[in-house]
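Trainee: In my numbering, the protein residues as written are 161 to 200.
Hints were generated in silico from the structure; no laboratory data involved. Any given hint could be a false lead.
[As the list claims (entries may be wrong)] Dumping the calculated EDC-like pairs for lysine to aspartate or glutamate here, alpha-carbon to alpha-carbon at most 20 Å:
id	residue 1	residue 2
1	166	183
2	165	183
3	165	180
4	166	180
5	191	180
[Said to hold, decoys possible] Pair ranges (Cβ atoms, derived):
id	residue 1	residue 2	range
6	164	196	19 to 27 Å
7	168	197	14 to 22 Å
8	198	167	15 to 23 Å
9	197	162	27 to 35 Å
10	198	161	16 to 24 Å
11	161	194	25 to 33 Å
Ideal Cβ positions, reconstructed from N, Cα and C, are used throughout, including at glycine.
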Amino acid sequence: MSITKKAVTCPGCLKKVLVETVDGITLKDQKCVHCWQQLS
Numbered sequence: 161m162s163i164t165k166k167a168v169t170c171p172g173c174l175k176k177v178l179v180e181t182v183d184g185i186t187l188k189d190q191k192c193v194h195c196w197q198q199l200s
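Start from the sequences and build out the full structure, keeping to the hints where you can.
Mentor: See the structure below:
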């Protein structure tokens, strides 16, 4: 099991976000914290 950080583009604001992936599988949705707060 290898945990890596991957830069993806947040669909909400199109900023680059670092997400943690385990063996290439993303752990959480690829939104930045700012967009998460707007949704919740």
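Trainee: A separate judgement is required for each hint: does it hold in the structure or not?
Mentor: Results of checking the hints against the structure:
no., hint, verdict
1, 166 <-> 183, "holds (11 Å)"
2, 165 <-> 183, "holds (11 Å)"
3, 165 <-> 180, "holds (4 Å)"
4, 166 <-> 180, "holds (6 Å)"
5, 191 <-> 180, "holds (12 Å)"
6, 164 <-> 196: 19 to 27 Å, "holds (21 Å)"
7, 168 <-> 197: 14 to 22 Å, "holds (18 Å)"
8, 198 <-> 167: 15 to 23 Å, "holds (21 Å)"
9, 197 <-> 162: 27 to 35 Å, "holds (30 Å)"
10, 198 <-> 161: 16 to 24 Å, "violated (32 Å)"
11, 161 <-> 194: 25 to 33 Å, "holds (29 Å)"
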